[in-house]
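Starting from the structure of chain A, add chain B where the hints point.
The lines below spell out each chain.
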Amino acid sequence: MADTVAQHVVEIGYGGNERLVMNMGPQHPSAHGVFRAILTLEGETVVAVDAVIGYLHRCHEKLAETLTYVQYPSIASKTDYVSAMTAELTYVSAVEKVGKIDVPRRAQYLRVLAAELQRVASHCLWLGTWCMDMGGALGGGATVFLYAIRERELILDLFEALTGARLLYGFHQVGGVRYDLPAGWTEQCRQTLNLIEQRLREYEAMLEDNPFFLVRTQGVGVISRELALDVGVCGPLIRGSGIDYDVRRAEPYSSYGEFTFKVPVETAGDCHARYRVRMVEFRESIAIARQALDGLPEGPISSRPGVKSVGQVRVPKGEGYARVEGARGELGCYLVADGGAKPYRLKWRGASFCNLAVLPHIIPGHKIADVVAIMGSVDPVFGEVDR
Amino acid sequence: MPPILYHAIAAFVVLNVVIGLVTYVTLLERKFAARMQSRIGPYYVGWPHGWLQPIADALKLMMKEDIVPNHADRWVYNLAPLVFLVPCMLIFATIPFAPGLGVADLNIGVLFFLAVSSLEIVGLFMGGWGSHNKYALLSAMRAVNQIIAYDLPFVFVALIPVVLAGSLQMSAIVAAQSGLFGWYVFYPVLGQLAFVAFLVATLAAENRVPFDILEAESELVAGFRVEYSGMKFALIQLAEYAHMIGTSFLGALLFLGGWLGPGPEWLGPLWFLLKAMFVFLVVTWVRWSFVRIRVDQILAISWKLLLPISLVLLLATAFVVAYRSAGVA
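Residue numbers (this note's numbering), protein chains in the order written: chain A, 1 to 387; chain B, 1 to 329.
With the rest of the complex left out, here is chain A (with noise of 0.2 angstroms):
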């Protein structure tokens, strides 16, 4: 069994004699999905775990090739589903360097609007689901849960508005996007931007006043700067260990570059820095996504015509590699093109596969209850993970 192989990862040592190995997954209240870690026990003491991943796999790249460039983004989206909008821009971004096509200014900022809209969405079910890891569905936890959901239908409300669809958009096309936005949509964004900059102080007032939501996240499940960059977490992971990362503006796409923002940093490392800099970047999100609204240019959405056929796209032969910040951290893809309608081989580098490798360094000498609040706050979607 593969299982046994790969079994105790990190081990540490303690006085006890009896061990018990406890399956916490795949289905499991707390898996996030599909997640299988096996704990090996000291009492209430986690001395080892093993991570099982791939029970969510779909043959995604394999999918990539036998999918035409018009076809696959709204597969893409299927990847992260938590997030499907930087999924897709992450393919088309990867399509669009290798075939060096254009995107029209109006439509990079449709981008980024979506992207940062997603994004929020995006934190808003891991606060939920986060905060229901560790108070449980009978519980407080089920309370912040609700509201952060009732804030995430919101921004589907406004995506199914812009895409016809609430969680899997197809929103974005090979050299821009499919679709405008319809009248009165920008108002409505706004409102729903305000009214969650609000709601988050809520959030902050419910959470950081409360001692047993610090006593259960600070000094928990924390990675080292030397950790973090020998693991090669990314995303909110890497800025909550003391690292100034993001791919936002370290390599700005889609015209990042005219938009102002901050790129929250955290020292400590622990649950509560990775909730820290998840709450800043929702409120740096807000605002770009209101810079996006208002400097939203006039002109066409597409650089090329809208779907005819769907292998009206062809991308010369070459190769090359997108990679964009996702809500957990950098989204990559690889593509190698031969020339005709379909990629050759395409490579998507998941960043909550890399984020997840993270758990058997950080868990062993924790407790029972601490192993689903750390991984709730690395955030997986197995989706992404397991592709």
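Where hints are given, some of them may not hold.
Straight-line distance between alpha carbons at most 30 angstroms, and here's what the computed BS3-like set of lysine-lysine pairs gives [as the list claims (entries may be wrong)]: (1) A:K62 x A:K317; (2) A:K367 x B:K134; (3) A:K308 x A:K78; (4) A:K78 x A:K367; (5) A:K367 x A:K347; (6) A:K367 x B:K304.
To spell it out: a stretch of chain A is covered by chain B in this simulated footprint if at least three of its residues, at any positions, have a beta carbon under 8 angstroms from a beta carbon of chain B; those stretches are [what the hints assert, rightly or not]: (7) 129-135; (8) 145-158; (9) 204-213; (10) 363-373.
These aren't lab readings, by the way, just hints derived from the structure by calculation. Yeah, the Cβ is synthetic: ideal placement off N, Cα and C, and Gly gets one too.
Only chain B this time, still in chain A's reference frame:
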């Protein structure tokens, strides 16, 4: 009427009233929680506002398949819900709902209540042990840890009104609280502190969030009752809620003056119920706004904080009472 017949009838009535109350308290809690979470809660079963929902739930649980895990210790597993339920029902025996209205107004009522209510741990541990499930086992271990840690402060806090009233009899404690602002929650400083400590200890003794580490559905799925289904699950739920309501009644008796209140005497039981529901809703309010804390933190809070505080409060109360009686004499 021979006394035994009277007690039998009273016990029958109280038992049924308690079961009915428990079913409807679940609806109350669900509605209350729903309001806090900007939801509506049960709505469709029974007009208006889903008042038939508890009945529907009970019927559903009765009709569910009763599953016994293959490797479960059948005797222990099957007995556990009963062993859990009986003490939780027994605690109502000593609660008087009005002067002279109750099963048995023992002269050691408070002691009986405290002793019996901590017996529930036996059933709980049996359930966790007999299920042959690692989650259930861990939960049972946690339960023993927690109950031992929190029963001590709970007893000490509950003794404060006893010391103030000078009696272990429930009706005597209520009688001692008569008069304007006579309730022990209005007793200067000591009363308020003791009431808060009582609420905290109650939360822990009832295994409610933030102290619900034995249920802990995000880690241990459902804790000791993960393998139970159907009627056995219903019995466990019933026992938990009965315990919760019993403790709320105790809180109302000890600190909020029981059935005392304005209006004619026959309003007494209503006042009592209202006060008990107030205690219950405070506990529910806490439940739906906090996150759960870890097992080591729970133990630390009990042994390092709550136990010393409750001991000091009890000692201070004793000093005050002794000083006053010395002054009178």
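Hint-by-hint comparison with the structure:
| no. | hint | verdict |
| --- | --- | --- |
| 1 | A:K62 x A:K317 | 19 angstroms, holds |
| 2 | A:K367 x B:K134 | 15 angstroms, holds |
| 3 | A:K308 x A:K78 | 23 angstroms, holds |
| 4 | A:K78 x A:K367 | 34 angstroms, violated |
| 5 | A:K367 x A:K347 | 36 angstroms, violated |
| 6 | A:K367 x B:K304 | 20 angstroms, holds |
| 7 | 129-135 | holds (count 5) |
| 8 | 145-158 | holds (count 3) |
| 9 | 204-213 | holds (count 4) |
| 10 | 363-373 | holds (count 6) |
When the structure is compared with the earlier hints, violations turn up for hints 4, 5 and for no others.
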